[in-house]
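Construct the entire structure; sequences and hints are all you get.
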Amino acid sequence: MNREDHDIRDRFAALRQEEAAQAPEFEQLLRRAPRPRPEYPRILIAATLCLALSFAAILGLRPAFQRRHSAPGGTALSITAWTPPTDFLLDTPGSELLRTVPVIGVGLKVESFPKPELNHRKVARNALP
Amino acid sequence: MDESALPGELERMHPASFGWALWCCNHRREEAEEVLQTTYLKILEGTARFDGKSSLRTWLFAVIRRTAMERRRRQWLRGQIFDRWQASQPEAPFPPDPETVASATESSRALLLALASLSARQRDLLHLVFYHDMTVEEASRILKVSLGTARTHFQRGKRQLRKILAETGGRK
Chain C
1 MNREDHDIRD RFAALRQEEA AQAPEFEQLL RRAPRPRPEY PRILIAATLC LALSFAAILG
61 LRPAFQRRHS APGGTALSIT AWTPPTDFLL DTPGSELLRT VPVIGVGLKV ESFPKPELNH
121 RKVARNALP
Chain P
130 MDESALPGEL ERMHPASFGW ALWCCNHRRE EAEEVLQTTY LKILEGTARF DGKSSLRTWL
190 FAVIRRTAME RRRRQWLRGQ IFDRWQASQP EAPFPPDPET VASATESSRA LLLALASLSA
250 RQRDLLHLVF YHDMTVEEAS RILKVSLGTA RTHFQRGKRQ LRKILAETGG RK
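Heads up: the protein sequence lines correspond to chains C and P, in order. Counting from 1, position 9 in the first sequence corresponds to residue 9 in the numbering used here; the numbering is continuous, with no gaps. Quick note: to get the numbering used here, add 129 to the position in the second sequence (first position is 1).
The hints are simulated quantities; they were obtained by calculation from the structure and are not laboratory data. It cannot be assumed that every hint is accurate.
The calculated lysine to any residue pairs, modelled on SDA-like cross-linking and capped at a C-alpha distance of 25 Å, are [as the list claims (entries may be wrong)]:
#	chain 1	residue 1	chain 2	residue 2
1	P	Lys171	C	Arg31
2	P	Lys273	C	Arg16
3	P	Lys287	C	Phe55
4	P	Lys171	C	Gln22
5	P	Lys182	P	Thr278
6	P	Lys287	C	Arg9
7	P	Lys182	P	Glu160
8	P	Lys171	C	Glu25
9	P	Lys287	P	Glu235
10	P	Lys287	C	Pro102
11	P	Lys287	C	Asp7
12	P	Lys273	C	Arg9
13	P	Lys292	C	Asp5
14	P	Lys171	P	Glu138
15	P	Lys287	C	Gln17
16	P	Lys273	P	Thr187
17	P	Lys273	P	His143
18	P	Lys171	P	Glu160
19	P	Lys287	C	Glu27
20	P	Lys292	C	Ala13
21	P	Lys273	P	Thr176
22	P	Lys273	P	Asp180
23	P	Lys287	C	Glu4
24	P	Lys171	C	Phe26
25	P	Lys273	P	Arg288
26	P	Lys287	C	Arg16
27	P	Lys273	P	Phe179
28	P	Lys292	C	Asp10
29	P	Lys287	C	Glu18
30	P	Lys182	P	Arg238
31	P	Lys292	C	Asn2
32	P	Lys287	P	Arg238
33	P	Lys171	C	Arg32
34	P	Lys292	C	Arg9
35	P	Lys171	P	Pro136
36	P	Lys287	C	Asn2
37	P	Lys171	C	Pro24
38	P	Lys287	P	Ala249
39	P	Lys171	C	Ala13
40	P	Lys171	P	Gly137
Printed below as a string of C-alpha cells:
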C-alpha cells in the first residue's frame, strides 16, 4: 500500500468515525416499532373498488342472462320435438290419397281436393319470337 | 453458528452495519435506519438465514444491501405507477443529502464529493475496502460480482478518486 492509498484510507477512517458517532443505539433501533407503510394512494383504492364492482356485476347479471336465453320452463327443447321450417314442402298435393285407406262403396269426392292452381305466367303473344 | 449468539454479534457489528446501510441509502439517515431495522428483523425472525458459506459480516452486509435495493425498487415501482401524474423527483445523485455534506468535516466532504463522480460499483468497492477494511474478494462477494471485475473496478475507481482529490485539493 502506497502513500496515496494511506491518504484515501485515512479519509475513509475519518468518515467512519463521524458516521459511527451518529449511529442509533442497537437496542433502540430494534425496539422501535416498524414504520407504518405509506398509505396506498386513492387511485389504487378506486381501481380496486371498480374492479370489485365489475366482478360483482358480472356475477349478478350472469344468472339473469342465462335465464333469458334458456328454453321456457327452464328445460332445453328436445331434439325430437323440433321440426324444420321447410317441413311443409314435403306435404305435396294429393298426399292424402297415399295416407288414406279407400273404402268400398264410397267414392272419393273430387271436390274435396283442392284444385291445383295454375300459376303459369301468361306470356304475351307478341313477346314470342 | 449458534443462533443465540446472533443478537450479540449483530450488536458488535452495529456501527459498521449502520455505516454500510447509510452508504447503500445514499446517506439518507432515516432510510438507512429503516433498512437496518428491517435487516435485523429479517435475521432475528429467521427470514434471512446465515448458511456459513462466508463470514458473518460479509453475509450481513449482503443482506443489508439487498434490503436497501428492495426498498429502492419498491419506491421506484410506486413512483412509476402512482407518481406519473405528479411532479416526481428524479433519483437524487450521490450524496443526495446536503445536510450530510454540510455536517461533514472538510476531509469527509471532499471525499464524498469526489466519490460522487465515480460509478456506483467503483464507489461501493472503495467503500467496502477502505471504510470497512475488507479485501477486494470479500467486497466482490457482497456486491455479487466476479473477483476480476471487482479488481478492475477497484483499481480504476481508486485511480479516479486520487485524481479528483488531487485536483480539488481536498485536505485532511
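Going down the list of hints, with the structure as the test:
1. Between P:Lys171 and C:Arg31 the CA atoms are separated by roughly 14 Å; this keeps the pair inside 25 Å, and the hint holds.
2. A hinted pair counts as satisfied when its Cα atoms are at most 25 Å apart, and P:Lys273 with C:Arg16 qualifies at roughly 24 Å.
3. Using a Cα cut-off of 25 Å, the hinted pair P:Lys287 and C:Phe55 is violated, with the two alpha carbons roughly 59 Å apart.
4. Using a Cα cut-off of 25 Å, the hinted pair P:Lys171 and C:Gln22 holds, with the two alpha carbons roughly 23 Å apart.
5. Between P:Lys182 and P:Thr278 the CA atoms are separated by roughly 21 Å; this keeps the pair inside 25 Å, and the hint holds.
6. As the CA atoms of P:Lys287 and C:Arg9 are separated by approximately 11 Å, the hinted pair is consistent with the 25 Å bound.
7. Among the hinted pairs, P:Lys182 with P:Glu160 is inconsistent with the structure: their alpha-carbon atoms are about 29 Å apart, more than 25 Å.
8. For the given pair, P:Lys171 sits about 18 Å from C:Glu25 by alpha-carbon distance, which is consistent with the 25 Å threshold.
9. Straight-line distance between C-alpha atoms of P:Lys287 and P:Glu235 comes to about 20 Å, which keeps the hinted pair within the 25 Å bound.
10. A threshold of 25 Å between alpha carbons decides the hint, and for P:Lys287 with C:Pro102 the separation of about 121 Å lies outside it, so the pair is violated.
11. The straight-line distance between the Cα atoms of P:Lys287 and C:Asp7 is roughly 11 Å, inside the 25 Å bound, and the hint therefore holds.
12. At roughly 23 Å between alpha-carbon atoms, P:Lys273 and C:Arg9 fall within 25 Å of each other, so this suggested pair holds.
13. For the given pair, P:Lys292 sits about 12 Å from C:Asp5 by alpha-carbon distance, which is consistent with the 25 Å threshold.
14. Distance hint between P:Lys171 and P:Glu138 is fulfilled; the C-alpha atoms sit about 15 Å from each other, no more than 25 Å.
15. As the CA atoms of P:Lys287 and C:Gln17 are separated by approximately 21 Å, the hinted pair is consistent with the 25 Å bound.
16. Between P:Lys273 and P:Thr187 the CA atoms are separated by roughly 11 Å; this keeps the pair inside 25 Å, and the hint holds.
17. With a C-alpha separation of about 22 Å, the suggested pairing of P:Lys273 with P:His143 holds against the 25 Å cut-off.
18. For the given pair, P:Lys171 sits about 16 Å from P:Glu160 by alpha-carbon distance, which is consistent with the 25 Å threshold.
19. Only pairs whose Cα atoms come within 25 Å are accepted, and P:Lys287 paired with C:Glu27 is rejected, the gap being roughly 36 Å.
20. Taking the CA atoms of P:Lys292 and C:Ala13, the gap is about 19 Å. The hint holds against a cut of 25 Å.
21. Taken as a hint, the P:Lys273 and P:Thr176 pair is honoured in the structure, with Cα atoms around 20 Å apart against an allowance of 25 Å.
22. For the hint pairing P:Lys273 with P:Asp180, the CA-to-CA distance comes to about 16 Å; that is within 25 Å, so the pair holds.
23. Straight-line distance between C-alpha atoms of P:Lys287 and C:Glu4 comes to about 10 Å, which keeps the hinted pair within the 25 Å bound.
24. For the suggested pair P:Lys171 and C:Phe26, the alpha carbons sit about 15 Å apart, so the restraint of at most 25 Å is met.
25. Distance restraint check for P:Lys273 and P:Arg288: the Cα-Cα separation of roughly 22 Å lies within the 25 Å cut-off, and the hinted pair is therefore satisfied.
26. Of the pairs offered as hints, the one joining P:Lys287 and C:Arg16 holds, with about 18 Å between alpha carbons and a cut-off of 25 Å not exceeded.
27. The suggested pairing of P:Lys273 with P:Phe179 holds, with an alpha-carbon distance near 16 Å, which does not exceed 25 Å.
28. Annotation: proposed proximity of P:Lys292 to C:Asp10 holds, straight-line Cα distance about 16 Å (limit 25 Å).
29. For the given pair, P:Lys287 sits about 22 Å from C:Glu18 by alpha-carbon distance, which is consistent with the 25 Å threshold.
30. Note on P:Lys182 and P:Arg238: the hinted pairing is violated, with a Cα-Cα distance of about 37 Å set against a maximum of 25 Å.
31. With a CA separation close to 15 Å, the supplied pair P:Lys292 and C:Asn2 stays within the 25 Å bound.
32. In summary, the hint linking P:Lys287 to P:Arg238 is supported, as the alpha carbons are separated by about 17 Å, within the 25 Å threshold.
33. Note on P:Lys171 and C:Arg32: the hinted pairing holds, with a Cα-Cα distance of about 15 Å set against a maximum of 25 Å.
34. Restraint check for P:Lys292 and C:Arg9: satisfied, since their Cα atoms lie roughly 15 Å apart, inside the 25 Å limit.
35. For the given pair, P:Lys171 sits about 12 Å from P:Pro136 by alpha-carbon distance, which is consistent with the 25 Å threshold.
36. The straight-line distance between the Cα atoms of P:Lys287 and C:Asn2 is roughly 12 Å, inside the 25 Å bound, and the hint therefore holds.
37. Taking the CA atoms of P:Lys171 and C:Pro24, the gap is about 19 Å. The hint holds against a cut of 25 Å.
38. Between P:Lys287 and P:Ala249 the CA atoms are separated by roughly 13 Å; this keeps the pair inside 25 Å, and the hint holds.
39. For the hint linking P:Lys171 to C:Ala13, the alpha-carbon distance of about 29 Å lies beyond 25 Å, and the restraint is violated.
40. Between P:Lys171 and P:Gly137, the direct Cα distance comes to roughly 16 Å. Compliance with the 25 Å bound is thereby established for this hinted pair.
In the structure shown, a violation is registered for the earlier hints numbered 3, 7, 10, 19, 30, 39, in ascending order.
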